[in-house]
Every structure is written in C-alpha cells, then in structure tokens.
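Given chain D, work out where chain X should sit, using these hints.
The residues making up each chain are set out below.
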Amino acid sequence: MIPDRLSLARRLRRVFWPVSVEREIADELSAHLELQTRRFIAAGMSEADARAAARMRFGDVDRVRDECRDIRTQMETDMRRAELVEDLRLDARFAIRTLRRAPLFTTVAVITIALGVGANTAIFSVLEAVLLRPLPYRFADRVEMIWNGNTESAARTAVAVPEYLDLKAQLRAHDAVAAIYPQPSPLVGDGGEPERVNAYVVTPNLFDLLGAAPMIGRGFVNDDGTMGAPRVIILSHELWTRRFGADRSAIGRIVTVAGLPRTIIGVMPAGVRFPDAPLDFLREHADLWIPSTLEGSRGGSRGNQFIAVVARRAAGSTEARGAADVDGVAEQWRHAYADRYAIQAAKHWKLVALPMREQMVGGARAGLFVITAAVSLVLLIACVNVANLLLARGAARQREIAIRVALGAGRVRLVRQLVTEAVLLAAAGGALGLGLAWLGMRLLLRLDAGALPRMGEAGIDASVLVFTGAVSIITGLLVGAVPAIQQSSRDLRHALDEGTRGGGGPAKRRLRSTLVAAQVGMALIVLIASALLGRSFLALERVNPGFSSSAVLTLQFNLPHAKYDSAYKTIAFYDELTRQARALPGVVEVSGGYPVPMSGDGWSGSIRVDGEPDGPNDPMPHAEYGVALPGFFHALRVPLVTGRDFAATDTPDAPQVVIVDVILAREHWPNESAIGKRVNGATVIGVVGHVHKAGPQSEGEPQIYLPYAQSAQNTLSMVMRARGEPLSLAAPVRVLVHRIDPQMPISRLRTLDDLVAQATARQRLDAVLLGVFALTALALASVGLYGVMGYLVSQRSREIGIRIALGGHPAAIRTMVLREGLWISGAGLVGGLVVSLLASRALGGLLFGVSPTDPITYVAISATLVLVSVAASYGPARRATRVDPLIAMRD
Amino acid sequence: VLLQGTLDLLILKTLSWGPRHGYAIARWIEETTDDTLRIEEGSLYPALYRMERRGWIDAAWGKSEIGQRIKIYSLTPKGRAQLRAESAEWASFTSAVAKVLKST
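Sequence order for the protein chains is D and X. Quick note, in our numbering, the first sequence goes up one by one and the last residue is 1175. Quick note, in our numbering, the second sequence goes up one by one and the last residue is 110.
No lab work stands behind these hints: they were computed from the structure. One or more hints might be untrue.
Here are the in silico distance ranges between beta carbons for each label pair [to be verified]:
no., chain 1, residue 1, chain 2, residue 2, range
1, D, R339, X, T42, 31 to 41 Å
2, D, S330, X, D40, 24 to 34 Å
3, X, D40, D, G343, 41 to 51 Å
4, X, S101, D, I380, 48 to 58 Å
5, X, T42, D, S330, 25 to 35 Å
Some chain X residues close to chain D (C-beta under 10 Å, calculated; not the full set) [claimed, not checked]:
no., residue
6, D40
7, S70
8, R75
Think about it this way: if two alpha-carbon atoms lie no more than 20 Å apart in a straight line, the pair counts; the simulated EDC-like pairs of lysine to aspartate or glutamate are [what the hints assert, rightly or not]:
no., chain 1, residue 1, chain 2, residue 2
9, X, K69, D, E318
10, X, K84, D, D362
11, X, K69, D, D611
12, D, K452, D, E603
13, X, K69, D, E603
14, X, K69, D, D362
As the structure is a prediction and not an experimental result, all values here were calculated from the model. All residues carry an ideal CB built from backbone N, CA and C; glycine is no exception.
Chain D extracted, bound-state conformation:
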C-alpha cells in the first residue's frame, strides 16, 4: 500500500490514471461511506441505520460530487496548458540545440530570411508613413479640396476670392469652408540672419475645420485676420523648435513676417504642417500661418485665381453628396455670372471636389503597389530557398527522425518540432531583418527623402514591429510546413534501412524541382518589372528638356514688398546683383528669370494674339508664362532660333516686347515668321526653343516670355553658370547679396542638376528599389537552382556512376544534367512570362516611353535567366562527370 509519491506523477498522470473523473469521484465517495457504515455496524447499529447515519454524517453527496468534479476539470485544463507550454519550451530548446549543431545551414537560412523580411519591413515602413498613417487631423476623412476643374481633363486651377466667398455661402452638404494660399515671405526682425520660411495665409477657421488645436497658446478666432485686427501668427512645432528653441515664452513675442510686425499667439503640435504633402501649388510644409478672412478682397476679380479651397463635408454626408453639392453651386454660378461660366470658353468648366488625403498621397500609390508586390515576391523566393534547405536537411536527418519515431514520437509532435525549428529560424531572420530594414531606411531617406509625400516620417515604429513579427512568424510556418508534412508522411519504416545518403523519392524530387521552378518564375516577374521601370527611367533621362542644367546654380529672392515697393527698386536690385555677380571668380554667366525650369514653380494663363478672334465666346489660347532678364536663355543654353534676346534697352518705357517658343510660333503663324507679330499687345522679337518646365515626362504648353523690366515682380530666380562646381559659388554669392541688402533672405539655393533630378525623384526611387529587389531575387533564385541541381545530381550519382562505368561520355552526362536544369527553369520561365504579361497592366501608368509588354525587355530578361540557370546548373553538371563509378555504386 505504499503510495506512488514520484512527483513526475503529475505529468504521467493521464497514462497511469486510466479512470474517468466521474468514476474516480464516485469510487472515492462510496469507499468513504462504506467504511463509515462498517464502523457504525461494528458499533452495534443495524445495517440500514448505519448506512443512513453514515450519509447523515457525510452531508449532501451530490453537492460534494459536483464540487469535486468542477475542481478536477479546472485542474485538467491547468495541466494541459502547463503541458503545452512545457512542450513548446522543450521543442524550442531542442530546436536551438539542433540549429547550433548546423551553424552553416542556420547562418544561410537566417540571412536569407533576413533579406526577405528586411526588404519587406523597409517597404512597409514607407507604405505605412505615406499611405496608411492617418493625417494628424480629426476630420481628415471628411476634408475635400475644391478646384476650378475641367470635364475633359484632370487639369485643375486655383480659386478666386469671390468664388471662395460664394462657396462658403452656398455649399449645403459641407459644414465648413476655408481658404489657404502661400505667402512667400521672409522671417526677420527677431535678430539673427534673415531666414526664408514657408508661410501660408489661411482663413481663421482652417484648423477648426481640419480638427487640429494648438499645443500651446491659442488658435485663430474669427476676429483674427479681419481688417484692423492685431496682426498675429501661429507657428509650426518645427519652426518653434528651430528658431525659438522650443521656448514657451515665444508666445506673445513680436516678429516681423512679410515686412510687418506680428504677434505669435500659438504653436501647433509636432507633425501638423498643413499642407502636409503637396496639394497642387501648395508644395511646401508650412512653418507658420497668417490669418486673413479675405473679406478685403471681396470685390476682387473672378479671374484672379490664387487660393486653394478646403471644405469639410457635414458629418454623415457621403462623397457623392459632396460632389452633388459642388455641382449645384456651379450651376448657380452659370446663371448668376453667365458672362464668365456660361460662355463658350467655359464649356468644359466645372467645380471639382477631391478628397484631401487622396490628393496628398494618392499619386504615390501605384508605384508603392508595384514595389510592394515585388518585395513580397522576394520574400517568397527567400522562403522557397529556406524550405529547400530544410528539405535537404530533412533528407540528411532521416535516420534521426526515424529513431525518434521508433521511440514513440507521434506524427503531430514531429511536425511541431520541425515547424518550431522553422519558426525559430524565421524569428532570428526577422530580428536581423529589422536591423537591415533600419539601415535600408536610413539609406533610402538619405538618397531621396522627398521622392514621396510624407516619406520623411517613415521609421521603425510599433506598427512596423508588429508587421515584422507577423511576417516572420508566417514565414516560419510557411517554410516549416512543407518539409514537416513531407517528412512525417514518408514511410518511415524504410528510413532506418536506407543508406547514410538519406532518402529522396521521386515525390520529393518533384516537390523540390517545382519549388525552384516557381522561384525562377517569381524572379522573372520581378526582373521584368524592374527592367521596364529602369528603361522607363532611362527614357526620361534621355528626354531633351530644351535646356542644359549642368554647372548652373539657382537661387530665389522674394523681395519684401515693404522695402521694394516699386518696379524701379526691384529692377535696380537685380541690375546691381547681376552686375556684381558677373565679377565673381568662377562665374561664366549670370542672369535671372521666373520660373526656373523644373523648380516646381509654374505660371500659366491665357494669351491674346492680334488678328485672331477674341470675342467672349471664342476659346482663348493658353500658354506657360515666364519673365526673363537679358541673357537668361543663353545662360540656360535654350537655343534662340530667330530674332533677338531681351536687352537692356527693353526698359519699362520702351515698346513692349515678348519672346515666344517654337511651339507657340508654329501654332499661330505656321507659315510665316513670328518676328514682328503681336501678342498681348506686345511685339514678338525672338523665338526660342521649347523647354520642359514641369519635368521631362510632360511636354507642357506653348511658352511666352516677358522681359523682366517690363513685367517686374518681387519673386525672381537667379541663374549662374559656373566654370567648375556650381555649389562653390554659393558662399561668395551669399556674401554679395548681403553686401547689397543685409536683410535680404535667400531661398532655394540649388543646382539646376538637382532640380532636374528632383523632377524625376519618384521614378528614380521606383527604378532603384525595383532594381535592388530584382537583383536580390535573381541571386536568391540562382542559389536555389544551384542547390537543387546539386541535390538532384547527388541523388542520381548511382545512375550516373553506372552510365560512366558503361562508357557514358562525360559531355553527354553534362548535357543531361544541364538539360534537366533548363527544364526546371524553363517551366518557371513560361509560368513567369504568363503572369508578367497578365500583371503588366499594373505598370502602365508608371512607364514612360516603353510599353508594359515591350518584347525586347521580355526576351532579354528571359535570355538572362536562361543564362543564369545554365551557369547555376553548370557546377553540379561538372561534378556529375567526375562521379567515381566505384564509389557511387558501392554506396
């Protein structure tokens, strides 16, 4: 009756405790009652009395039984859970030991997974920052931008003040309407070097509309921005930190902005920099906001369109209702201002409401989609490699596993062990991948932080960590499942008999070949996408933009109105500046103009050509405008086709002159010289080449240039052609500018090469990323192919040995192996080509000058992959010819 006191009893309990809980309790309680009854009988009671007394003494048997059962059930649950945890711990410990015993395998597998997971993490963090992360405004989803649009095209233009005031009064499904326009202005007057900031003039209700409140100080109220109210500003967190050292006492301080003293009343929280990403002509993040109700411009012209309108749909109002609302207003205008909106020229005019978020980041979506698809394929390719590695190892571990099965390990247990190993590998790979992603992100941001809106905010945050964790675990399960299922379903009875070489039936060979074929196919897809984007980018680079950007420095001035209040003063400033700059060492040519091509600045409008009908119902021709100082075209190497350049003699008082580009000249005077013709009341004196102003991908409109002296404005860019490195002129020109006007802020000091590169930054980002992923995919796929070919050769070494023994020619054997490799990759190539052709439409919008089904690309990439597969199979093929028949057959 010695009880079993071994404490592992708890774990072994189920094995040695074959009785059900019900039986156990019933037996125990009845034994108790029986013993008690016997005692009472021994004391002299009748059996019936004794039984009753025993029950009485015991209490409610049913209640006790139920209570015991409940406790026992809970205990079993506890035990099962503890057992599972313990099993997992054992599995993990065993897996770590096994992996440590195969350091080469472990290293290769971990690095492969790290590449795949790292690339995906990096791209996800960009995706998260650009597309997924919500904007810092409570009502962002209900905010729309309203533009003057066109029924025929996606073109949209700004809104005039009277139009804004009408929208504010007439919109019904929107509960708030605000306006914003850029105020290019310096921030000076609080000591230190004058600095150009991005200031926006906004209606006081803007932040309430968006759903953002200042972090310190107060927001704008309706009185702010009315005529005669105290002048106030709100700072962005960035400017407050940078310029005012995050000092709370900055509130109430007076600084001079745009020539006028203004009081700082509030600071917005970090991250609020509306516009947060380019919204048409609102290109820069805001540094500060100036309130204005715009009431003062109530009587302004409807043609003076310079503001962006922000409107918020009423809660519960759908996008469709918002659009109908805007259409309704447009209809009212057609009746109220028929001479403007109902004429022939306005035939295609309409008001458009576009979701703000879509406009800020929607353009980045297509490119990111393709990149995400590519990077997912890279991860899949990496998974295949690791799965193949595990399969190969599984073959080598056949005996170990057979022994474990013989010792009683169940199939489920075995699968779990193998999957645990894979998940551990993936976890290690994921951790390393996170590091790689961090490095990759830093590299990416250094290269091209401005390529995508909000990309600068990308980083490793909580959601990225969750993503990486999830991807790693899924990778582990995916990679582990294949070999685990295969392993455990094999007929293990034979495993022990088999030779040390380890098994590998035809099913297993087929599985591995299929995996590698899929890998080749996926690599082909990524390579083709990358090649198409690469060719598209090269085509962009090859576009002749109509000017030469090399060795040119540009810088922009916004002369403060307070000081430069007449055309005479601005002309004098630029005259003096260009004259003195020409004398700087290293300077070849100096001139000025606006806008500088590809700077992001734009200016377009209607033109009136003498001799062409210009009634109210006639369409007005449209053109891109520019102003230029003498020498601007030559400095940028824009060819002067006929006539002359502007000259110092084209003064404000001299006859009005203009220069047009070849396209405008051809459109309006196809068969005669443009010189002497009249446009906008001025005489054409020259014809220059066409310039791509917005970027290489867009041809742009016909162009017309006015001499700066006859069309003076406060904003102008200087262009300086240098003898050597243009940036070396930056310091001397700064000194020079401040000698002429110590208070003069300089902005956008950039080389023209930079501006041109910036214009194609997104295309470059797409091409570079896809290129990197394509090379990774190619490398991984060829490693995979090489590994599997080696495996296949080793599997067939007995057969090959016999062939050699029978006099098989080495060349024939080599060909045989190569042919097998080509079969596998060929199958993958065909599959990949089909998928590529089907999926190529997704690339359509991203490509320039190359078709998504460009045959040359498809053929060249396929040929490359064939060559790579031959190369990958060649090593194993050569090894096959060196098989020693004696050894091979003895095995």
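Frame of chain D; chain X shown alone:
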C-alpha cells in the same frame, strides 16, 4: 462552522504524519479533536481536490483496510511548506486573539 483555511490546515497537518485516504483523514481529525470540531465529512473532499489542484498534496490509487480501491493522499514538498506557513500564521492569529481576550 469551520473556516476554509482551518480545514486546509488540519488536512495538511494530518497528512504530515504520512499518506492516508479521505476517510482516515476524517477519522483522525475527529479523534484528535475529541470530535469538538464536528466537520461535515463531505466538505473534506472538495478541500482535498482543491489542495491537489494547488499541488499541496498528491493522490494515488491504493487499497483500503477492507480491500476497496481508494485514493490515498500524501503531502508534497510544496504542501509541507504550506503547512509550515499556515501553522505560523495560525499561531500568531490565536495568540493575538488570546491577547485581546485577556486584556479585559
């Protein structure tokens, strides 16, 4: 009426002299306390199951004096530690109560 913790303490103490089955535990408590505590014997079993769940005692099938299959309980090391802790607690509790009662 018997406090839950008190019953646990009595069971632990009983088992500290060696393994025994539920009925024997009930007998032992009855005899050593001269039946003053008068526990309802049924309430012993939930207490035993609960203590088994907590790992204070272990159970194994054995044979009773008349040859029935019956569960034999024994103290685990964890149960022994629990007994020490609870006895100390009980001692300080009773001495505190005694002090209060004497103080009149």
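Structure-based check of each hint:
Take R339(D) and T42(X): their Cβ atoms lie about 23 Å apart, and the range 31 to 41 Å is violated. The given range of 24 to 34 Å is respected by S330(D) and D40(X), whose C-beta atoms sit roughly 27 Å from each other. For D40(X) paired with G343(D), a C-beta distance near 21 Å fails the hint of 41 to 51 Å. Separation of S101(X) from I380(D) is about 54 Å and conforms to the stated range, judged on CB atoms against 48 to 58 Å.
Between T42(X) and S330(D) the C-beta distance comes to about 28 Å, which sits within the given range of 25 to 35 Å. With 10 Å as the threshold, the beta carbon of D40(X) stays out of range of chain D, its nearest partner Cβ sitting at about 16 Å, so the hint is violated. About 6 Å separates the beta-carbon of S70(X) from the nearest beta-carbon of chain D, less than 10 Å, and the hint is met. Because the beta carbon of R75(X) sits about 6 Å from the nearest beta carbon in chain D, less than 10 Å, this interface hint is met.
Only pairs whose Cα atoms come within 20 Å are accepted, and K69(X) paired with E318(D) is accepted, the gap being roughly 13 Å. Using a Cα cut-off of 20 Å, the hinted pair K84(X) and D362(D) holds, with the two alpha carbons roughly 17 Å apart. Of the pairs offered as hints, the one joining K69(X) and D611(D) is violated, with about 93 Å between alpha carbons and a cut-off of 20 Å exceeded. Under the criterion of a C-alpha separation no larger than 20 Å, the hint pairing K452(D) with E603(D) is consistent with the structure, at around 18 Å.
Proposed proximity of K69(X) and E603(D) is contradicted: the alpha carbons are some 81 Å apart, above 20 Å. Of the pairs offered as hints, the one joining K69(X) and D362(D) is violated, with about 28 Å between alpha carbons and a cut-off of 20 Å exceeded.
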